[in-house]
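Colleague: Chains as they are written, first to last, in the numbering used here: chain A, 459 to 742; chain B, 2 to 608.
Because the hints were derived from the structure by calculation, they are not lab data.
Don't take every hint at face value.
The calculated lysine-lysine pairs, modelled on DSSO-like cross-linking and capped at a C-alpha distance of 27 angstroms, are [stated by the list, open to error]:
{"hint": "1", "chain 1": "B", "residue 1": "K372", "chain 2": "B", "residue 2": "K511"}
{"hint": "2", "chain 1": "B", "residue 1": "K372", "chain 2": "A", "residue 2": "K694"}
{"hint": "3", "chain 1": "B", "residue 1": "K471", "chain 2": "A", "residue 2": "K641"}
{"hint": "4", "chain 1": "A", "residue 1": "K709", "chain 2": "B", "residue 2": "K488"}
{"hint": "5", "chain 1": "A", "residue 1": "K650", "chain 2": "A", "residue 2": "K562"}
{"hint": "6", "chain 1": "B", "residue 1": "K573", "chain 2": "A", "residue 2": "K720"}
{"hint": "7", "chain 1": "B", "residue 1": "K194", "chain 2": "B", "residue 2": "K212"}
{"hint": "8", "chain 1": "B", "residue 1": "K372", "chain 2": "B", "residue 2": "K573"}
{"hint": "9", "chain 1": "B", "residue 1": "K194", "chain 2": "A", "residue 2": "K641"}
{"hint": "10", "chain 1": "A", "residue 1": "K551", "chain 2": "B", "residue 2": "K336"}
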Amino acid sequence: MSMEPNGTQNVLIVGVGGQGVILASDILGVVCMNRGYQVKKSEVHGMAKRGGVVYSHVRYGAQVLSPTIEPGTSDVLLAFEPAEALRWSKYVKPGGTIIVNSRKRIPPAACQDRRMDAPTRYPQGIEQALRGQVADVRQFDAEGLAVEIGDHRMCNTVLLGALSSVCEFEVQDWLGAISASVKPKTVERNQKAFLAGRNAQFPAAHNPLPPETAAMCRSVTYLDAPAIDIHDSWCKGCEICVVVCPQACLKMNERNRAEVVKAEACIRCMLCEWMCPDLAVRVQ
Amino acid sequence: MATAISSPAQVLLSGNEAIARGALENGIRVATGYPGTPSTEILESLARYDSEHYVSWSTNEKVALDVGVGAAVAGSRALVTMKHVGLNVAADTLMSVAYTGVRAALVIVVADDPGVHSSQNEQDTRMYARFAELPLLEPSDSQEAKDFFRLACEISERFDTAVLLRSTTRLSHSKGMVTLGTIHPSRPVGYEKNLNKFVLVPSNARVRHEKVLERSGLLREFAETTELNRWEKGSSEIGVITSGVCYQYVKEVLPEASVFKVGLMNPLPIHRLRNFAATVDRLLVVEELEPVIEEQLKASGIQAEGKEYFSRLGEFSSERVRAGFQQAGVLPMPKAPENAGVPVAAKENLFRPPALCPGCPHTVPYLVLKKLNALVAGDIGCYTLAVYEPLAAIDTTLAMGCSIGMAVGLQKGGDGSRPVVATIGDSTFFHSGIPPLIDALYNNVKITVVILDNQTTAMTGGQEHAGTGKSLRGEKARTVDIATVCKALGAGFVEVVDPYDVSAVFRTLKAAIQYDGVSVVITNRPCVVSPATIRTTPYAVTAKECNACQMCMNLGCPAIIWTEEMHEGQHKVTIDPVACMGCAVCGLLCQTNAIIPLAADPARRTV
C-alpha cells in the first residue's frame, strides 16, 4: 500500500474472541514503532471477547491523532473470519485491500431456528460481496496453513504474513517483532507460519455458491406442528418424557401425569415416545 | 515515506498500563481496587513491576477506597482503581473523604464506559466530581495518562484533597507511545494525629464543609493557570472546548479550529474559557456523555453550543464528531457515497453475541433452572451471558450483588407460581452478596441462592479474590470458603454440587426449590479458561446415531454447531474438536448415545 506524505496508515484487524486478533495487532504495532512511526491502536476487551466480535484498530504515521479508524478510510482490512470481513467491510477505503481467512466460525446463535428445514443463519456469498466493494480481495485458508505447520493457533501469524505482503516493512522487521512478542519456544514455528502466510497464493474469484450451499438456500416449507398424544391411563407419572424433551413441550400436571403444554415447539425428535417405559406417548 | 520522529526510548502502552507506570514513577506505596472493565489492567500491570509497594485486590470498591484513604492518612501515597459503577459502591466513603482531605496523595482512578461496551450503564464520573467537590483530571492519550498522574499527586498534596483521574474505555484500551520517566521511591510522611480533620462527628463535619468550599476556591484559582488546560490558537471562526479522548477526534476532524483542551475538568477555568469564547465567532463544546462543561459555561453566561449536535448517548469517534460538525454547519454535508455499486451494507450481518465458553461450568445450572421454570434473578459476571438464546434463563440483571436482594423482593412481591432463584458468582458473592444473604436468612424468605463458584473473577479476565487462595501478585493467601460462610450465617440447606453432573444438578436444585426457607446450592467446577486452560479429550458426534433432537444445542455451547445433514427436517450436529474442552455434558444429555469421546486414533482427529 502506498504511503501519502505525512498521511496516516490504517489497518483494521477483526475476528472472533480467542483467534489472536490482539496479539497480531500488537506485533504490527511493534513493527511500526521500530520503523520510527507514531503508533496508536485501539481494541475491545472484557465481555465481547467471550466468543463475540473482536477488533483492533492500528494507525501509524508521522503523527496519529484519533486512536480509531473512520469507516471508508482503512487501507487494509485483515479479517480472521469471513462473516467478520463482511461486517467490517464498510471500513475499507476505495482501492483498499481485504485479506480474509476462509474458515468460517459459525456461532451457536446461527443454529437456533428449529422450524422444519430452517437453514443455518450464516451470510451467503461473502466473497462476492467483498469483491463488489474493493478489487483486491485475498481470501485463503490461513487456518489450513497453520494446521499444516502443526498448530491451528498459529493462524493469526499466517494472516500477519499475508498482511506483510501488502505493507512496506521488510521481512526482518516482522520476524524480529514476532520473536520479541511470542513465547520463546514457539518463535520458530511462528516465523514459519508467518512466511507461509507471506508466500500464500490467493485463489481467484470463484462461484461463491457451492452446490451444497445453494441447496440450503432452497425455499423453506413448513409442515404442520406434530401432535403428541399421551395415553393418560397408562402414564404413571415417572416424568422421564418431561425431562428428556429438549424443547420443554411437556409438563407434569397437578395429578402428576405428563401433559402437552407447548405442542407447537415439538421438533419430532421422538425421544418422549422412545423413552416412555409405559408406551404412553405417541408422536404423530 | 514519512519521516521517523519517535525516539527509541518510547514504549507502546495502553492507557491503563500508562497509569500504572505513572503510579510507579510517582512513589505510590499502596494500590488497591476491584476488577472492572475497563479499569482492570491498571493494578495488574502495576503488580508486574518488581517493587516494594503494596498492590492488591480488595473485596469491593468501597473497601478499596477505605484502604486507600487509610494509607493516605498514614502518610503514604495511595492509588485506588475501579470502573465507573464501582464508584457508586465507594460513594459513601468518597463523599466523606472529600470533607476530611488526606495527608499524602490519594489518586482515585475511575474508568468510564461510554457506549456501554461491558457494563450495565454509561454514567459520567465527572458528575461525581462536581457532587463531591473533588478535582478531576482527564487525560487524552497514554502519554498524558502517565503525566497527569504526577500532577494528580501534586494537586492532592498541595490542596489536601483526594483527586479523581478519569479514563474511558477508549483511553484505557488504546495503546499509544509513552516516554518513560524516572521511578521515584515512595517517601512516606508519617501519621499525624488530627481529630478535627479525620473524625467526622457533626461538630467537625460542619467545620470541614467550610474547608471544602475554601479549597474549591483555591482550586478555581489554580485552574486558571495550570498547564493541565491548554489553549491552542487557530482560526477565529470556530472555537472548540473539549477534553479527554474527544480532543483527538476534534484535532483529526477540524485541524484549523481554535481549541481549548480541558485537562482539569473540575473545577473549570471559567475566566480563561470566557476569554477563549471572546476570541472566536462561534463556540462549540465536544464532550462525551453529559453536558458538564456546556452547562457550566451557560450558567456563567457564556454562549455555547454542544449537545444539539453531539449526543448525550454512547461513545464518540472521529466519524461521529465529524457528523456533529456537519450538522452544525461547520463542515459541509457529505456527498453521496462513491462506491454505491454493490449494497454490501444491506447484507444482513451475522448475529454473534458473546457466549459462555465451551465447557463453561455455568451452563448446566442455567439449563436446569430453565427446565424447572424458575424465576431467576441474575447478577454481574460471565453468567449474565445465559440471558441469550438458547439458555435464556435469566429474568433480571441489575448491578453487583443485586441478585439475592431482588430474589427476596421477587418472592415477596410475586404470585408464588414459579420458584424464585438468585444466581451469583463467587467474586460477586464476596463483593456484595453476603449482606443480602443475611437479609434473606434473617427474614426467612423461601428463595434458592445458587452460587456459581468458578474460583476466579472470570468476566474481567481471571482475577484472584478472597476465595482463590492467591493474591494479586500470585502469592499464597488465606482462602475464605463459601459453604462455610453460608453455614456460619445459619443457612439450613447448603449443598455443593458438580455442575458437570447434569442429574445431580437437577436433583439438588429440585430439592432446593422445595426447601421451606433459604436454600444455598454451590457449584464447584473451576473456570475452564482462567487461570489455566482445562482441556481433556474432545468429544465427537457419530452422525448416523444423531437423531437431531437438539438437546445438546440447548446448551448454547460454541463448540457444537449444525451440519448440513438433516434428519426429518432438523439439522444433525457436529462438534469442533479444536474448541471442545471435553466437559462431556453434551454426551450426558444425548439420548441416542451419538456423542462419544473422540478416539485417540490420530486418523479420527479431523482438525
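Colleague: So, for every hint listed, does it hold in this structure?
Modeller: Consistency of the hints with the structure:
1. Proposed proximity of K372/B and K511/B is supported: the alpha carbons are some 10 angstroms apart, at most 27 angstroms.
2. Taking the CA atoms of K372/B and K694/A, the gap is near 21 angstroms; set against the 27 angstroms cutoff, the hint holds.
3. Of the supplied pair hints, the one linking K471/B and K641/A holds, its CA atoms being roughly 24 angstroms apart against a limit of 27 angstroms.
4. Proposed proximity of K709/A and K488/B is contradicted: the alpha carbons are some 34 angstroms apart, above 27 angstroms.
5. Annotation: proposed proximity of K650/A to K562/A holds, straight-line Cα distance about 23 angstroms (limit 27 angstroms).
6. Note on K573/B and K720/A: the hinted pairing holds, with a Cα-Cα distance of about 23 angstroms set against a maximum of 27 angstroms.
7. Only pairs whose Cα atoms come within 27 angstroms are accepted, and K194/B paired with K212/B is accepted, the gap being roughly 18 angstroms.
8. Simply put, K372/B and K573/B have alpha-carbon atoms about 23 angstroms apart, close enough for the 27 angstroms limit, and the pair holds.
9. Only pairs whose Cα atoms come within 27 angstroms are accepted, and K194/B paired with K641/A is rejected, the gap being roughly 52 angstroms.
10. Distance check on the hinted pair: K551/A and K336/B sit about 15 angstroms apart at the alpha-carbon level, within 27 angstroms; holds.
Against the hints set out earlier in the document, violations occur for numbers 4, 9.
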